[in-house]
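Colleague: Residue numbering for the sequence shown is 1 to 245, as defined by my numbering.
Hints listed in this document are in silico derivations from the structure and should not be mistaken for laboratory results. Quick caveat: nothing in here was measured; it's all calculated off a predicted structure. Don't take every hint at face value.
[As the list claims (entries may be wrong)] Derived CB-CB ranges, DEER-like: (1) His110 x Ala24: 34 to 40 Å; (2) Asp189 x Arg122: 23 to 29 Å; (3) Arg126 x Glu163: 19 to 25 Å; (4) Glu46 x Val197: 51 to 57 Å; (5) Arg30 x Ala160: 46 to 52 Å; (6) Glu10 x Ala72: 39 to 45 Å; (7) Glu107 x Pro188: 37 to 43 Å.
[As the list claims (entries may be wrong)] Keeping only pairs whose Cα atoms sit at most 25 Å apart, straight-line, the calculated DMTMM-like set for lysine to aspartate or glutamate is: (8) Lys13 x Glu46; (9) Lys13 x Asp105; (10) Lys13 x Glu79; (11) Lys13 x Glu149; (12) Lys13 x Asp59; (13) Lys13 x Asp36; (14) Lys13 x Glu121; (15) Lys13 x Glu127; (16) Lys13 x Asp92; (17) Lys13 x Asp73.
We put the CB at the ideal spot given by N, CA and C, even for glycine.
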Amino acid sequence: MRRHGLRRNEELKVFSDQPFTLEACLRAARVSVLADYDCYFLVLREDLGNVTERATALDRLRGIAALQQVAADLAEPGEELDAIRTRSFTWDVPRLLQHDFLLLDGELQHRVCAEVGRLIERFRAREVYHRLPVAERLRLELAAAGRPEALRDLIRYEAAHGEPPVVVDGCRHYAGYPAFRDAGLGLPDELFLLREVPPEVVAAAAPLNLAQQLWRGAVPVELRRGLRRYPVWRRLANSVNGGRG
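Turn these sequences into a full structure, and let the hints steer you where they fit.
Modeller: As structure tokens, this is what we get:
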């Protein structure tokens, strides 16, 4: 600690332990873990007066930025750096773009989105998007694009419907969120990509039976996607269509 001048940044209202500990780990020649007993035990105060609980979304983003700056300065490029970036952009940042985001006033929502966009650009988060779930990629990109209204729609959609239907387009399977191929948003298909099935697997897939052909021929794709939001219809569609859209 003396050699490298390691100190906690007391200007950070939250997450000050994370950049401090990460720098210590990255600079250390050897790390030992003391796991014989609980070294840290957090109890929330009854009046919710804990500093952690009082921290705002912007405070949390400043702490995340401090952590990522340590990683950018000291972590080995490749797996080590990518793992640290993935941790923040899979969990710490997207959690600020969930239900509690709806409780912020309009001005603060725009400020949070702007700061998220700066984090994405500054620490090149898009390089690890392939490691992130689709929902988290969407939250990040809608924030980065300065579209809090579309982000609010995504949060409400997930609360109402849970997992979106799967949209199959050739070899590619996409998460069929309402924002998928929405011309007004212009988000790239890659953000919604779940998996890519090898062409030989697609070619070997069983042909549609009569019930599946009737289902697809009689019910427009948009209506099918809408009906799948309801559990009863989703079960019916899966039984008829084998989960194929």
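Colleague: Determine for every hint whether it applies to the structure shown.
Modeller: Taking the hints in turn, this is what the structure says about them:
no.	hint	verdict
1	His110 x Ala24: 34 to 40 Å	holds, 36 Å
2	Asp189 x Arg122: 23 to 29 Å	holds, 26 Å
3	Arg126 x Glu163: 19 to 25 Å	holds, 24 Å
4	Glu46 x Val197: 51 to 57 Å	holds, 53 Å
5	Arg30 x Ala160: 46 to 52 Å	holds, 50 Å
6	Glu10 x Ala72: 39 to 45 Å	violated, 22 Å
7	Glu107 x Pro188: 37 to 43 Å	violated, 29 Å
8	Lys13 x Glu46	holds, 20 Å
9	Lys13 x Asp105	holds, 21 Å
10	Lys13 x Glu79	violated, 30 Å
11	Lys13 x Glu149	violated, 28 Å
12	Lys13 x Asp59	holds, 6 Å
13	Lys13 x Asp36	violated, 30 Å
14	Lys13 x Glu121	holds, 23 Å
15	Lys13 x Glu127	violated, 29 Å
16	Lys13 x Asp92	holds, 15 Å
17	Lys13 x Asp73	holds, 22 Å
Of the numbered hints given earlier, the model fails hints 6, 7, 10, 11, 13 and 15; all others are met.
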